[in-house]
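These protein sequence lines are chains A and B, in that order.
With numbering that gives the first Met the number 0, the residue at position 73 of the first sequence is 72, and numbering never jumps.
With numbering that gives the first Met the number 0, the residue at position 20 of the second sequence is 19, and numbering never jumps.
By construction, these hints were calculated from the structure, which means they are not laboratory data.
Be aware that a few hints might be false.
[What the hints assert, rightly or not] Straight-line C-alpha distance at most 30 Å; calculated BS3-like pairs for lysine-lysine: (1) A:23 x A:228; (2) A:17 x A:292; (3) A:6 x B:7; (4) B:55 x A:124; (5) A:7 x B:55; (6) A:228 x B:55; (7) A:11 x B:55.
[Claimed, not checked] Part of the chain B face toward chain A, derived, beta carbon under 10 Å: (8) 5; (9) 46; (10) 49; (11) 51; (12) 52; (13) 53.
[Said to hold, decoys possible] Distance ranges between label pairs, derived from CB positions: (14) A:306 x B:15: 37 to 43 Å; (15) B:20 x A:42: 24 to 30 Å; (16) A:306 x B:56: 41 to 47 Å; (17) A:258 x B:66: 35 to 41 Å.
Ideal Cβ positions, reconstructed from N, Cα and C, are used throughout, including at glycine.
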Amino acid sequence: MFSLQDKKMAEKIAARMKALIDGKQYSFMHVCGTHQDTLVRHGLDEMLRNAGVRVRQGPGCPVCVTTPKEIEETLALARSGKTITVFGDMLKVPGTTGSLEKARTEGADVRVVYGIEDAVAIARKMEDREVVFIGIGFETTAPTTATVLRSSPPPNFSVLSCHRTVPNALRFILESGEVKLHGLVEPGHVSVILGMEPYRFLTEEYGVPQVITGFEPLDLLMGIYMLVKQVSDGEARLENEYTRVVRPEGNPRAIHLMEEVFRPTNVAWRGFPVIPESGLGLREEYAAWDARKKFADVLKPLEGQEFKEHPGCKCGDVLRGVMEPDECPLFGKGCSPTSPLGPCMVSFEGGCAIAYKYGKKRQ
Amino acid sequence: MCLAVPGKVISLEGDHARIEYTGGIIREANISLVEATVGLYVIVHAGFAIQLLDEKEALETLSFWEELLGSEKSAGDAGREGGA
Ligand code: SF4
Numbered sequence: 000m001f002s003l004q005d006k007k008m009a010e011k012i013a014a015r016m017k018a019l020i021d022g023k024q025y026s027f028m029h030v031c032g033t034h035q036d037t038l039v040r041h042g043l044d045e046m047l048r049n050a051g052v053r054v055r056q057g058p059g060c061p062v063c064v065t066t067p068k069e070i071e072e073t074l075a076l077a078r079s080g081k082t083i084t085v086f087g088d089m090l091k092v093p094g095t096t097g098s099l100e101k102a103r104t105e106g107a108d109v110r111v112v113y114g115i116e117d118a119v120a121i122a123r124k125m126e127d128r129e130v131v132f133i134g135i136g137f138e139t140t141a142p143t144t145a146t147v148l149r150s151s152p153p154p155n156f157s158v159l160s161c162h163r164t165v166p167n168a169l170r171f172i173l174e175s176g177e178v179k180l181h182g183l184v185e186p187g188h189v190s191v192i193l194g195m196e197p198y199r200f201l202t203e204e205y206g207v208p209q210v211i212t213g214f215e216p217l218d219l220l221m222g223i224y225m226l227v228k229q230v231s232d233g234e235a236r237l238e239n240e241y242t243r244v245v246r247p248e249g250n251p252r253a254i255h256l257m258e259e260v261f262r263p264t265n266v267a268w269r270g271f272p273v274i275p276e277s278g279l280g281l282r283e284e285y286a287a288w289d290a291r292k293k294f295a296d297v298l299k300p301l302e303g304q305e306f307k308e309h310p311g312c313k314c315g316d317v318l319r320g321v322m323e324p325d326e327c328p329l330f331g332k333g334c335s336p337t338s339p340l341g342p343c344m345v346s347f348e349g350g351c352a353i354a355y356k357y358g359k360k361r362q
Numbered sequence: 000m001c002l003a004v005p006g007k008v009i010s011l012e013g014d015h016a017r018i019e020y021t022g023g024i025i026r027e028a029n030i031s032l033v034e035a036t037v038g039l040y041v042i043v044h045a046g047f048a049i050q051l052l053d054e055k056e057a058l059e060t061l062s063f064w065e066e067l068l069g070s071e072k073s074a075g076d077a078g079r080e081g082g083a
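Use the sequences and the hints to build the structure in full.
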């Protein structure tokens, strides 16, 4: 996939960046686990660092940003006898009282699905069971949930919406100023849905350059090159590198469906406090399929309780881009993909899992 | 999780289509979010086609990369086959 020729081209792009940067240091952030995978898998992080660019990972892993409380909600539903349908990389995420995988060994019915339509198919087959789909994901995934809810799924089906949206989280990061950023690498597949406009306020209000970027190694390098160019030219624009898939208007049909089914909610993200209007709750019209309403008896007792992550886990710092995974004292020493202490070591989009997989184990 | 992969629409049935991916793998996907027709390439995420792949833009991306670096082509690159 990353051929020798690509490598040559990559080196040329990096050399150009280095010339533009001219000894300074630029710091960018991406918000996509798949970008992180591309960066680390192909050694682009090193290549970029040598050119003077540091690319931090932000809260771009949907499984990782779920809060301990949301994990407890899935566990409470599983233990109360509902059939839980979930993306595979949620299984091992440790909550305060265990994980879905552990709940399964204790007899809970937890099933891995590839998408929400698989979950609906399970509900249709098992009419006597309540089937709950754990709705994880950003704007890329939320329209799939919306599509299904618009198509009158069976009454024994429901969704625990943990969907979140990207632009307001970015606002929060820029507003907090915790990490100094010269630009943002915007997530290609979130942008397939959103298009360009929803990001524009970030450039207008915070003067930050942004480039919507694809996922091939050369896409990522080009996106970052475009940022470097803007910064060194003293400009701040919103640009699109991933034009073969991202249209300026996004996918209007998907946006419309999302707006019909969801309303913006104020939710906490792991590592972050409550971020205004960064979550997606189901609108009243869809209450019949809203697991939080339907199973209020199971979930209400969790209200007001505080659920904590593992005391040593630095996932929150990793997700805010202030810490590299291998700087966590537990990385590879007590925390590994087989016995993860935080979601960042579980999800294939998690920074710790990616660093571990590609051999950046602390020496 | 926001991973989405391109595939080719090989047949349509209502809101669903059979999609062929690299390596000849064929899976069904919901296509109600896009205007898909047989022969087009779509980007699929979690069992849903979320956008059409614009082949013209894909080629333009490649030529943009080539162009950007064209001025730097050295003798050593002259023997390169194909494009990146
Ligand atoms: S290495 Fe483990 S404990 Fe440390 S931040 Fe990552 S997931 Fe948490």
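List of violated hint numbers, smallest to largest: As far as the earlier hints go, 2, 4 are violated by this structure, in ascending order.
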